[in-house]
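Visitor: For reference, the chains in residue letters:
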Amino acid sequence: MVSQLSSTAVPQKSGHTKCMEDTPTKALSSALVKVAEQRDKTAFAVLFKYFAPKIKRFGIKQYGSEAMAMELVQDTMTSVWRKAHLYSQDKGAATTWVYTVMRNASFDALRKIKSKKEDQISEDIWPTLQESECSNDGFNDHLQEKQIQKYISCLPKAQQEVVKGVYFQEMSQEQLAEQLNIPVGTVKSRLRLALQKLRAEMGDSHD
Amino acid sequence: MIKHHPTQEMLTQFAEGTLPASLSIAISAHLELCPCCAKQVKALENDSSERYFVQIDNDLDGDSTTDVDFAEMLSNITSDDSITQVHRYIPQSLQYQAKEVIVPRAIASIERSDFSQVGKLSRSRLDLEDGELRASLLQIAPGGEIPNHTHTGFELTLLLDGSFEDESGTYVAGDFIWLDGRHSHTPRTENGCLCFTLVNSALHFNKGLSKLLNPIGNLIY
Numbered sequence: 000m001v002s003q004l005s006s007t008a009v010p011q012k013s014g015h016t017k018c019m020e021d022t023p024t025k026a027l028s029s030a031l032v033k034v035a036e037q038r039d040k041t042a043f044a045v046l047f048k049y050f051a052p053k054i055k056r057f058g059i060k061q062y063g064s065e066a067m068a069m070e071l072v073q074d075t076m077t078s079v080w081r082k083a084h085l086y087s088q089d090k091g092a093a094t095t096w097v098y099t100v101m102r103n104a105s106f107d108a109l110r111k112i113k114s115k116k117e118d119q120i121s122e123d124i125w126p127t128l129q130e131s132e133c134s135n136d137g138f139n140d141h142l143q144e145k146q147i148q149k150y151i152s153c154l155p156k157a158q159q160e161v162v163k164g165v166y167f168q169e170m171s172q173e174q175l176a177e178q179l180n181i182p183v184g185t186v187k188s189r190l191r192l193a194l195q196k197l198r199a200e201m202g203d204s205h206d
Numbered sequence: 000m001i002k003h004h005p006t007q008e009m010l011t012q013f014a015e016g017t018l019p020a021s022l023s024i025a026i027s028a029h030l031e032l033c034p035c036c037a038k039q040v041k042a043l044e045n046d047s048s049e050r051y052f053v054q055i056d057n058d059l060d061g062d063s064t065t066d067v068d069f070a071e072m073l074s075n076i077t078s079d080d081s082i083t084q085v086h087r088y089i090p091q092s093l094q095y096q097a098k099e100v101i102v103p104r105a106i107a108s109i110e111r112s113d114f115s116q117v118g119k120l121s122r123s124r125l126d127l128e129d130g131e132l133r134a135s136l137l138q139i140a141p142g143g144e145i146p147n148h149t150h151t152g153f154e155l156t157l158l159l160d161g162s163f164e165d166e167s168g169t170y171v172a173g174d175f176i177w178l179d180g181r182h183s184h185t186p187r188t189e190n191g192c193l194c195f196t197l198v199n200s201a202l203h204f205n206k207g208l209s210k211l212l213n214p215i216g217n218l219i220y
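Order-wise, the sequence lines are chains A and B.
As numbered in numbering that gives the first Met the number 0, the first sequence has no gaps in its residue numbers, which increase by one up to the final residue, 206.
As numbered in numbering that gives the first Met the number 0, the second sequence has no gaps in its residue numbers, which increase by one up to the final residue, 220.
Wrong hints could be hidden among the right ones.
Here are the simulated DSBU-like pairs of lysine-lysine, each with C-alpha atoms no more than 35 Å apart in a straight line [stated by the list, open to error]: (1) A:K115 x B:K38; (2) A:K187 x B:K98; (3) A:K113 x B:K41; (4) A:K48 x B:K41; (5) A:K82 x B:K41; (6) A:K116 x B:K119; (7) A:K82 x B:K38; (8) B:K38 x A:K60; (9) A:K163 x A:K115; (10) A:K90 x B:K38; (11) A:K90 x B:K41; (12) B:K41 x A:K53; (13) B:K119 x A:K48; (14) A:K111 x B:K41; (15) B:K41 x A:K25; (16) A:K53 x B:K38; (17) A:K115 x A:K82; (18) B:K41 x A:K116; (19) B:K41 x A:K156; (20) A:K115 x B:K41; (21) B:K2 x A:K25; (22) B:K98 x A:K53; (23) A:K149 x B:K41; (24) B:K2 x A:K113; (25) A:K90 x B:K2; (26) A:K48 x B:K38; (27) B:K119 x A:K90; (28) B:K119 x A:K40; (29) B:K38 x A:K113; (30) A:K156 x B:K98; (31) B:K119 x A:K149; (32) A:K60 x A:K40.
Hints in this document: simulated from the structure, not taken from any laboratory.
This structure is a prediction, so every number in the text was calculated from the model and none was measured.
For reference, chain B alone in the conformation it holds in the complex:
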């Protein structure tokens, strides 16, 4: 069962369309796996529409838009009678570790690099150009482990397939795991997994030899 969800605040901002693209994609992908949060977002959209379109109507005076501007816009819009054709979406799948899994639509819609491999980790970066945020698909092969690390910024992991565990427990597909500088962990997967990851700065490896990895923290995520 999914135990880790986006916060209420994140869902609210998601419903308002104000989160960064890469985080919106992560939440959209979570909603595909979590009917419970999907339902909440529907309700939040409903609330927002009430707030912006139904409740208020007092201070539209002082609006400098003349009726002429709006009338012109209206006739421009309706003078073109074409409609937007919309077509059935066909889910896209991804082969990994001899399995085929469906990639959530929001993630599948973004161009990404080929997977590049470092040991048991294999990463494909999404081409999002979203400021300092970096989004990737990450595969960890069975028995793979990421050395103990903390985060200088935040690290979001959305588990898409398989499972992994760390010091705080075991995670399943759909879990939306948000960690920041307060957390340090050593994720490990027994049977392999596929994640969507999002970080806003490098990981910091804490122990012994794995400190050597610090320069390539950027490469892993």
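Here chain A stands alone, though its shape is the one from the complex:
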């Protein structure tokens, strides 16, 4: 069994590995911890080498398309790189964590095809990635404004339009409804959702 391999050790031989006798789960988990704690690129390369071909195969099975499968590899591994800080070993094996990241990316991709919605609701359906506490101290006003802009840019597009229209262009909800050609009720509900989200993002202490 693989025991305490140094985390940057390659858990499988490069090239065409046949059957792996050892599950490299532990080595993968400590590689992921290195990415989480130190943004360690070598450790990430280890993860990439291990997971990328497997994610690709999963994608091909799921969509029957090589191009989409490669997109899934790209989406999943980008999330692993950017969200590794949310992982810790007490959340379970790296293989399971990466699987949930892939499953979520795949779900959002399928939804985009089926309903043309780009709302990325997977993280609300499987909220495992969002459990870390938010610390919101230390922003002065200037930084905070930038921060708000950043949060707004993370909202779904339809909600962004409404927030920007009402708060930056100072339109009334009725004017905005007319301009966007949607009912006023929809403007209201988008605004409500957007504000709820922003408030949640900002730790609910700013209103």
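Here the structure of chain A is known, so what remains is to put chain B in place on it, guided by the hints.
Guide: For chain B alone, kept in the frame of chain A given last:
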């Protein structure tokens, strides 16, 4: 106690992310109320990760992705050093019948219309664009009843708050009630309730005057 749960097959597909969005939302909401199914889903995710990431490793030959493609992707990803900020989720609540209840996160994350009322029923449609599936929040005021009906497709009711009863018994918050054309029922609530409902076609009302409701079956759900 919750007595009605999603089937094993549904949980498996949920864990694999292959169910339609509106059904995934219903199951996610059920998991918030049912630790037992939540635990099962964790185990299923674990099984799937073993299946896709650990056990197999034989047929990666013949993969046309060149090492160059992957190497390029890898360096693209790590060339951007930003991380995704994730923030604490604040539960959202909903006022209904002079009560305040927490809306499960998956449901709360979807835009929905204002409640529109028909008699003792009040419905808010979720804006999901999920094919023929229609998801709603449904409030039934105390003493409210939906006339006896069958379903031309299926009807899923996830009870979020309060209780209701029909010919088969009484339901409590968290119950995940799946009915199809084989079932006919007359749900009734004594003290009022709030449900998440999902249907894939109109209800069919069976008796007397309530047959007149058939055209508005679409409106209720």
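Visitor: Work down the list of hints and note, for each, if the structure agrees.
Guide: For each hint, the structure was consulted:
1. Straight-line distance between C-alpha atoms of A:K115 and B:K38 comes to about 32 Å, which keeps the hinted pair within the 35 Å bound.
2. Distance restraint check for A:K187 and B:K98: the Cα-Cα separation of roughly 23 Å lies within the 35 Å cut-off, and the hinted pair is therefore satisfied.
3. Proximity of A:K113 to B:K41 is assessed by CA-CA distance (about 27 Å); at most 35 Å being required, the pair is judged to hold.
4. The straight-line distance between the Cα atoms of A:K48 and B:K41 is roughly 26 Å, inside the 35 Å bound, and the hint therefore holds.
5. Taking the CA atoms of A:K82 and B:K41, the gap is about 20 Å. The hint holds against a cut of 35 Å.
6. Our distance criterion of 35 Å between C-alpha atoms is met by A:K116 and B:K119, whose separation comes to about 33 Å.
7. Simply put, A:K82 and B:K38 have alpha-carbon atoms about 24 Å apart, close enough for the 35 Å limit, and the pair holds.
8. The suggested pairing of B:K38 with A:K60 holds, with an alpha-carbon distance near 27 Å, which does not exceed 35 Å.
9. At most 35 Å may separate the alpha-carbon atoms for a hinted pair to count; A:K163 and A:K115 meet this at roughly 22 Å.
10. Restraint check: the Cα-Cα separation between A:K90 and B:K38 comes to about 14 Å, which is no more than 35 Å; the hinted pair holds.
11. Simply put, A:K90 and B:K41 have alpha-carbon atoms about 11 Å apart, close enough for the 35 Å limit, and the pair holds.
12. Proximity of B:K41 to A:K53 is assessed by CA-CA distance (about 21 Å); at most 35 Å being required, the pair is judged to hold.
13. A C-alpha spacing of about 59 Å is found between B:K119 and A:K48, which places the hinted pair above 35 Å, so the restraint is violated.
14. Between A:K111 and B:K41, the direct Cα distance comes to roughly 26 Å. Compliance with the 35 Å bound is thereby established for this hinted pair.
15. With a C-alpha separation of about 19 Å, the suggested pair B:K41 and A:K25 falls inside the 35 Å cut-off, and the hint holds.
16. Taking the CA atoms of A:K53 and B:K38, the gap is near 26 Å; set against the 35 Å cutoff, the hint holds.
17. Proximity of A:K115 to A:K82 is assessed by CA-CA distance (about 25 Å); at most 35 Å being required, the pair is judged to hold.
18. Between the alpha carbons of B:K41 and A:K116 the distance comes to roughly 27 Å, so the proposed pair stays at or under 35 Å and holds.
19. With a CA separation close to 32 Å, the supplied pair B:K41 and A:K156 stays within the 35 Å bound.
20. Taken as a hint, the A:K115 and B:K41 pair is honoured in the structure, with Cα atoms around 29 Å apart against an allowance of 35 Å.
21. A distance of roughly 39 Å separates the Cα atoms of B:K2 and A:K25; the hinted pair therefore is violated under the 35 Å criterion.
22. Between B:K98 and A:K53 the alpha-carbon distance is near 49 Å, which puts this suggested pair outside the 35 Å criterion.
23. Of the pairs offered as hints, the one joining A:K149 and B:K41 holds, with about 33 Å between alpha carbons and a cut-off of 35 Å not exceeded.
24. As the CA atoms of B:K2 and A:K113 are separated by approximately 33 Å, the hinted pair is consistent with the 35 Å bound.
25. In summary, the hint linking A:K90 to B:K2 is supported, as the alpha carbons are separated by about 29 Å, within the 35 Å threshold.
26. As the CA atoms of A:K48 and B:K38 are separated by approximately 31 Å, the hinted pair is consistent with the 35 Å bound.
27. The hinted pair formed by B:K119 and A:K90 fails the criterion: a straight-line CA distance of about 45 Å is larger than 35 Å.
28. Taken as a hint, the B:K119 and A:K40 pair is broken in the structure, with Cα atoms around 60 Å apart against an allowance of 35 Å.
29. Of the pairs offered as hints, the one joining B:K38 and A:K113 holds, with about 30 Å between alpha carbons and a cut-off of 35 Å not exceeded.
30. Only pairs whose Cα atoms come within 35 Å are accepted, and A:K156 paired with B:K98 is accepted, the gap being roughly 33 Å.
31. This hinted pair does not check out: B:K119 and A:K149 have alpha carbons roughly 43 Å apart, beyond 35 Å.
32. Proposed proximity of A:K60 and A:K40 is supported: the alpha carbons are some 29 Å apart, at most 35 Å.
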